[in-house]
Amino acid sequence: MSASRSAILPADAARSRRDAFPLIIATLLAALLVSILIAVGLGPVPVSLANSWGILLHHLGLAHADSANLGWSPGQDVIVWQLRFPRVLLGGLVGAGLALVGASLQAVTLNKLADPHLLGVSSGATFGAIAVIVFTGNVVGSLTLPLAAFAGALASMAIVMTVALRQRRLNADRLLLAGVAVSFFVMAMANLMLYLGDHRSASSVVFWMLGGLGLARWNLLPIPALVLLIGFVVLVGLGRSLNALMAGEQTATALGIRVSALRLTVFVIASLMTGVMVAISGSIGFVGLMIPHIARQFVGTDHRRLLPASGLIGAIFLIWVDVAARSLIAPEDIPVGVGTAAIGGGFFIWLMRYR
Amino acid sequence: MSSLSLDRVDWAPHAAPTDLILKQVSLAVHPGEFVGVIGPNGSGKTSSLCCAFRYHRPLAGTVSLAAQDIWQQPGHWHARHAAVVLQEFPEDFGLSVREVVDMGRTPHKSLFQGDSAEDIAIVSQALEQVGLLSRQHHPFETLSGGEKQRALLARALAQQPSLLILDEPTNHLDLRHQLELLRLVRRLGISTVATLHDLNLAAAFCDRLYVLQRGRIVADGSPAEVLTADLLDRVFGVRALVDAHPIAGHPRITLITQEQDHEA
Ligand SMILES: Nc1ncnc2c1ncn2[C@@H]1O[C@H](COP(=O)(O)OP(=O)(O)O)[C@@H](O)[C@H]1O
Ligand SMILES: [Mg+2]
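Taken in order, these protein sequences are the chains called A and B. Positions in the first sequence are counted from 1; adding 1 to them yields the working numbering. Positions in the second sequence are counted from 1; adding 36 to them yields the working numbering.
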């Protein structure tokens with residue numbers, strides 16, 4: 002046995018996975034914290050890092066400053082506390098959520114190209130959003146659009162499930178095909194609606210579809226935070242079962258996994274998470290597709306490690322892309338989805354060319 | 037008490053039982069036995085095995101492990117008793133050999149339960165038994181066919197089963213690896229049911245054989261009782277000489293490869 006002890010390089014990389022995991026997670030957590038702290042200081046309106054942190058500490062009740070003698074203006078206070086901080090946090094939540102969903106869907110569809118927007122949910126959300134933008138307007142206040150988008154997402158999810166389920170079995174290929182088919186169909190209906198509607202609304206629709214974190218306000222954060230937390234706990238709890246799914250359908254059954262039930266559970270959780278994320282921030286692409294691949298390079302395929310790592314990397318990634326989106330041609334906001342797609346596509350090309 | 041018993045099992049892929057693929061299939065594996073299932077392509081060998089680990093639900097009849105009806109037990113119960121090695125390889129998501137074998141611990145774990153020192157030791161031991169411990173951190177995809185098959189066996193062993201279910205375990209293996217794998221399984225002494233294509237291997241390694249033809253068991257018994265020239269002609273449609281293996285004494289099958297007309 003010791004004859005082939007001279008292990009080759011990939012073996013060494015794999016050997017370290019289990020042992021290095023705590024260190025990797027600690028590093029990522031630290032990087033996330035640093036990213037948040039730096040990102041709140043960056044944007045079109047210059048506020049020094051010291052002042053940004055002062056504002057945070059002040060509002061968090063961690064620093065007792067004499068309110069008359071603060072080093073920043075009330076305007077800066079509003080920008081950092083009311084706009085930028087929630088926006089950075091939302092970026093983190095959405096980035097983590099999309100990456101988590103991408104990694105889980107890649108497992109249940111056994112397809113490395115699966116992503117949160119592939120399975121119809123985002124198209125449904127887009128349909129709902131377009132209906133609001135083109136026809137109804139904000140009939141029930143500023144939350145009309147997110148609510149309609151979420152409703153569209155749920156409807157799409159239900160259709161995909163109905164189409165994909167056969168004899169109470171949910172097969173990976175059928176799920177994928179049903180998702181893609183429903184996605185195209187719903188998108189066609191949404192585009193038709195857009196075409197028939199008032200053409201001036203087209204630009205707001207396009208802007209929404211490209212994704213952005215501009216809606217972020219404190220009162221919008223609890224729902225995605227809660228959804229992310231619940232989704233994270235459940236998916237990581239299912240991590241071992243997702244691993245077993247990699248063995249193939251029959252073997253997974255033999256390992257005691259109820260494969261169809263597991264697929265259904267993960268699909269529903271992923272859809273709910275995607276629905277919420279998309280409703281708030283539009284369809285931000287490529288995060289869910291690309292981040293799991295990056296995470297696999299560091300921690301391997303064991304989903305108990307892959308999911309937390311994906312979530313953290315996704316959060317950090319989206320926070321920084323959003324910094325770029327709001328700074329590059331300030332005061333204009335570039336849709337963050339443009340940035341993620343450009344970076345994501347470029348990254349994949351680099352990966353294929355040089356790795 | 038048998039390790040596995042199928043009792044008059046009917047099965048068809050669709051609930052309409054017009055064209056049954058398994059018809060009244062009964063078979064039993066007693067503790068410590070190595071039972072072979074043989075039959076032509078499409079005769080229902082894999083389907084029978086699939087009934088034993090809850091992949092196929094019989095339309096009629098019962099399937100029991102350790103004298104318990106598997107369909108009366110919780111969904112993962114069977115996985116603590118029976119482990120399988122199928123013609124199914126893990127998806128290429130970059131799994132290491134060890135990660136593949138780790139899967140074998142799944143049925144013994146609840147949600148959120150991590151790997152204990154015991155789990156790690158069990159997986160290491162399984163890797164050791166199949167001679168892959170030194171390659172545990174290699175990507176599964178980079179293994180040779182024989183090594184992959186052994187890794188899948190290690191996964192089954194990590195399940196600590198009282199029954200092994202093997203579907204054509206020697207497929208794609210060269211002669212030496214075929215023998216090594218079957219010898220290893222015999223040495224483990226775990227009750228085993230295996231489908232085998234190579235009838236000489238079946239004769240050499242199995243305590244008892246079941247013969248499937250078009251979804252029915254048409255013969256069963258010791259290799260010497262089952263493997264007759266008459267049966268080979270009737271079930272497999274081949275002419276063969278059957279004599280005793282000169283060293284081991286079990287039946288030896290020699291196919292007659294000339295076409296019939298020419299011979300006369
Ligand atoms: N899920 C299925 N749907 C339809 N036909 C099936 C299914 N599974 C098996 N069969 C059919 O059942 C027969 C027996 O298959 P199988 O058990 O795989 O045979 P063997 O393993 O002996 O070659 C074959 O004719 C096969 O086509
Ligand atoms: Mg078969």
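FYI, nobody ran anything at the bench for these hints, they're computed from the structure. Please note that a few of the clues may not be correct.
To give a feel for the contact side, a few chain B residues facing chain A, derived at Cβ under 7 Å [claimed, not checked]: (1) Phe89; (2) Pro94; (3) Asp105; (4) Trp107; (5) Gln109; (6) Ala115; (7) Val120; (8) Pro126; (9) Phe129; (10) Thr142; (11) Gly182; (12) Leu267; (13) Asp269; (14) Val271; (15) Phe272; (16) Leu291.
Note that the Cβ used here is the ideal one computed from N, Cα and C, for glycine as well.
Hints versus structure:
Checking B:Phe89 against chain A by beta carbon gives a least distance of about 4 Å; that is within 7 Å, so the hint holds. For B:Pro94, the interface hint is violated, the least distance from its beta-carbon to any beta-carbon of chain A being 15 Å, above 7 Å. For B:Asp105, the shortest C-beta to C-beta distance to chain A is roughly 16 Å, which exceeds 7 Å, and the interface hint is violated. Interface restraint check: B:Trp107 against chain A, minimum CB-CB distance 13 Å, threshold 7 Å, status violated.
The criterion of a C-beta within 7 Å of any C-beta in chain A is not met by B:Gln109, whose closest approach is roughly 10 Å, and the hint is violated. The beta carbon of B:Ala115 is positioned within 7 Å of a beta carbon in chain A (closest approach about 3 Å), and the interface hint is therefore held. With a cut of 7 Å, the hint placing B:Val120 at the interface with chain A holds, because the nearest CB-to-CB distance is about 4 Å. For B:Pro126, the interface hint holds, the least distance from its beta-carbon to any beta-carbon of chain A being 5 Å, beneath 7 Å.
Taking 7 Å as the C-beta contact cut-off toward chain A, the hint placing B:Phe129 at the interface holds, the least distance being around 5 Å. At a threshold of 7 Å, the smallest CB-CB gap from B:Thr142 to chain A is about 5 Å, leaving the interface hint in force. This hint is violated: B:Gly182 has a C-beta 15 Å from the nearest C-beta of chain A, more than the 7 Å allowed. The beta carbon of B:Leu267 comes no nearer than 30 Å to any beta carbon in chain A, farther than 7 Å, and the hint placing it at the interface is violated.
Below 7 Å, beta-carbon pairs count as interface contacts, and B:Asp269 has none with chain A, the closest being about 33 Å; its hint is therefore violated. Annotation: B:Val271 was flagged as interfacial toward chain A, and the flag is violated, the nearest CB pair being 26 Å apart, outside 7 Å. Given the 7 Å rule on beta carbons, the hint for B:Phe272 is violated: about 26 Å separates it from the nearest Cβ of chain A. With 7 Å as the threshold, the beta carbon of B:Leu291 stays out of range of chain A, its nearest partner Cβ sitting at about 32 Å, so the hint is violated.
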